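Asks: Residue numbers (the working numbering), protein chains in the order written: chain A, 430 to 811; chain B, 9 to 186.
I should point out that these hints are in silico values taken from the structure, not numbers from a laboratory. Hints should not be assumed to be uniformly reliable.
Dumping the calculated DSBU-like pairs for lysine-lysine here, alpha-carbon to alpha-carbon at most 30 Å [stated by the list, open to error]:
{"no.": "1", "chain 1": "A", "residue 1": "K459", "chain 2": "B", "residue 2": "K94"}
{"no.": "2", "chain 1": "B", "residue 1": "K157", "chain 2": "A", "residue 2": "K459"}
{"no.": "3", "chain 1": "B", "residue 1": "K94", "chain 2": "B", "residue 2": "K157"}
{"no.": "4", "chain 1": "B", "residue 1": "K56", "chain 2": "A", "residue 2": "K459"}
{"no.": "5", "chain 1": "A", "residue 1": "K517", "chain 2": "A", "residue 2": "K534"}
{"no.": "6", "chain 1": "A", "residue 1": "K676", "chain 2": "A", "residue 2": "K632"}
{"no.": "7", "chain 1": "B", "residue 1": "K56", "chain 2": "B", "residue 2": "K181"}
{"no.": "8", "chain 1": "A", "residue 1": "K641", "chain 2": "A", "residue 2": "K624"}
{"no.": "9", "chain 1": "B", "residue 1": "K94", "chain 2": "B", "residue 2": "K181"}
Note that this is a predicted model, so its numbers are computed, not measured.
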Amino acid sequence: MESAPNRYRSFTVLVLVIFAQLVLLAVQVKNDQNVSVIRSWTVTAVSPVARVLEWGRHSSVGFIRNYVLLRDANDANRRLQSEVDRLKVENVFLKNELNLADRAKALEAFAARVPSRTLAATVFASAAGSDSNAVLVDRGSVSGVERGMGVVTPDGIVGKVLRVYAMSSMVGLIDDQDFAAGVVTQNPQVRGVLKGQGKPMCKVDYVPFEDKIAAGDLLFTSGEDHIFPRGFPVGVVTSVRNGQPFKEIWAEPSGLRRGVPEDVLIILEGVHQDVPEAPPSNQTVYINPSPPAAGQPEEGAPPAAVGTEADRVRAQAQAISESQGHPFGGTDGKIPDFNANHPLPPAAPAPQPGAEAPPPVSSSTRRANQAAGASSGGKQDR
Amino acid sequence: MSYSSGRILLSSQREGQVSRFRTWVMLVVPLAAILFQVYIPLFFQFLKFLEMPLLVVVYFALMRRSQIGGLLTGALVGLAQDSLSKDPLGLHGIVNTLVGYFAASVGVRLDVDHGVIRFLLALFFYMFHQLLCWMIEQALPLGHQPAFKIDEWVVFGLLNAVVAVALFHFLDKLRESA
């Protein structure tokens, strides 16, 4: 039997000769981009083939990898799943650690800011009973906790100490039915009594119908209940209805807005504060920058003021005298104008934690301090 | 002129007589045709329409009745034409190759000694040659657009066909008798 090339010999020769001349033609002719036609033809002819070959290779490799070589996939899947589980647990643990550190830092900053002497405590259990809104904290009489002390967080008041044990205390939460605290709004200062209702919202009683209070008003402790010092945030008014003789007011306690806190401050000795005029902004925790290298003083840091109040007043008088050209303590017969507006020298630093606690501040002492322009630093026992 | 009378179509390939030519004829005649095309129009511009190389290719392909011989003759003549022209090598080579192949294919089936057949075949292959040239020039980026002048092709085709009849008759004298 005659083979195809021999059978179509003349046609084969024709094709070869035509092809050879086409190549010859293509070598000489160049297109618009000055590329020889044979190069252009070759690329045009090869590209689709190469693309098809690449597609075939890719598909084959993909098929083999995805469908054929699945021997270890199950083991790998199980291994990766366990790895994911382990990482999830680790992630939760690290988040908790971070959260704990943040909370501790916020609590510490808050305790340093408030003038009252406080004691940090951790909630470790909730009291038994489904209808009791109380928790147990890890501070008791050994730490100086007494029944009736207020419990607060930076967000607001949380409750008060109901029972005290040696190493722990039971704290009745703000939403407990037995809880009550005196509250006051910002401006005008409308007074009332906040009562727990056994549910998330609290009621504010004894607000006369003629007093101006509206939803959105912020509530602060009034200090009249002898539990909480004046000026701690309590919550926000959510609804107000007119009634006789008192308004029906509901408020959301801010101390429990994020649930029962894990860390709280027990107020050992309360110091009243002013109710802020403006709504408190979302306060961020200030983190001090790293200390400078050893032996290198921090630039721009003022010298630390030391001494008593008398020293501070003396320094102020000296500064005023010198600014008016009078030698301090001199006898030139002229008296400096001490009523001139002159910046006060920096106050003495707040006492560090662990230092001896100042005595409880009575209202008379507080007024005296305010008159003297003194600022008292907070103290936290831990 | 002794044209074969009677049938135009051959009933079988064996009926057709294969003409043989001496080697020098196969060399000199195409060469003379190419020289004629490049040299004569210098003096006689009106003879520029004559496609003598094409007619020679057609004649040898028809008479030898060999497709391979026809296409090789066409390729060589065409390449020689391209070498003497400004066109890229292969343009006329491809066209003459195809002309030679198809002419040989037709020569197997037709009585190519018939004058009318020769006239018609010469006209047809001239048109075929012009059309192929136009297509290839159109396809290649040669920098100019070839004109599709069908009326001119017809006129020149007729003139070339007339010349072809006379030329083929002359070339018949050069073939070897079987």
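Asks: It remains to establish, for every hint, whether it holds in the given structure.
Replies: Comparing the hints with the structure gives:
Between A:K459 and B:K94 the CA atoms are separated by roughly 15 Å; this keeps the pair inside 30 Å, and the hint holds. Of the pairs offered as hints, the one joining B:K157 and A:K459 holds, with about 26 Å between alpha carbons and a cut-off of 30 Å not exceeded. For the given pair, B:K94 sits about 21 Å from B:K157 by alpha-carbon distance, which is consistent with the 30 Å threshold. For the given pair, B:K56 sits about 29 Å from A:K459 by alpha-carbon distance, which is consistent with the 30 Å threshold.
Proximity of A:K517 to A:K534 is assessed by CA-CA distance (about 25 Å); at most 30 Å being required, the pair is judged to hold. A threshold of 30 Å between alpha carbons decides the hint, and for A:K676 with A:K632 the separation of about 10 Å falls inside it, so the pair holds. Taking the CA atoms of B:K56 and B:K181, the gap is about 26 Å. The hint holds against a cut of 30 Å. The suggested pairing of A:K641 with A:K624 holds, with an alpha-carbon distance near 20 Å, which does not exceed 30 Å.
Restraint check: the Cα-Cα separation between B:K94 and B:K181 comes to about 34 Å, which exceeds 30 Å; the hinted pair is violated.
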